[in-house]
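Q: Given only the sequences and the hints, what does the whole structure look like? Please build it.
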Amino acid sequence: MPDETSDAPGIGVRLTDRFDRAVSLARRLHDGHVRKGLRVPYLAHLVQVAGIVLECGGNEEEAIAALLHDAAEDQGGEATLAKIAEEMGPRVAEIVRENSDSITESGKSKAPWRARKAAYIASVPHKSSSALLVSAADKLHNLRSLASDQRSHGDVHWNRFNATKEDSVWYYAELVAAFRSEKHREPRLCPLIHELEATLVTLTNLP
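The numbering of the sequence shown is the working numbering, which starts it at 1 and goes up by one.
Each computed EDC-like pair below joins lysine to aspartate or glutamate, with the alpha-carbon atoms no more than 20 angstroms apart: (1) K110 to D167; (2) K117 to D74; (3) K183 to E195.
Pairwise CB distance ranges (calculated): (4) P191 to E78: 30 to 38 angstroms; (5) A82 to S128: 15 to 23 angstroms; (6) R14 to P207: 44 to 52 angstroms.
Think of the hints as simulated: they come from the structure by calculation, not from any bench. By construction, the Cβ of each residue, glycine as well, lies at the ideal position given by its N, Cα and C atoms.
A: This is the structure in structure tokens:
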């Protein structure tokens, strides 16, 4: 298998047809789905999270896990994880598992929001470095989107979520603190933590 990096100037991670297959798999798994309350295809979020992972030094396997990070949670639970392991490898499937706050056959049969989020925060110290990177990238893109929607629509946009603005600010503040405590073992988190903090402050202060 060829190396994912090169010493040639300007060349970092080499994305292969495995990445192409992961995009196709993510598209199939989330076919017809949109961002909550919006008309934006859900795939847009997944591709942007993968982009953040690559921008922060992630490798192809981590970027693939970013593309698929919501698949098990929202699209079939353990059966979907098995499919990911078969098509993309067990390590990708494990990163997806680490970044799922609930794995059920139906995305509707989940524990209450607060309990799931508290458990996810508590899981941060136990995540692998790859899972930490994917998680922080996911949360950053979510926060960017929330801040953008707050600018455009004000508080009314929170009506499409299961949590209030105050609940969400609590969740992201706790996550930022948890990520900060783990940056010693995953230095790639550092730029993400800085932007998460800045974006959270912006969101909190927007009218």
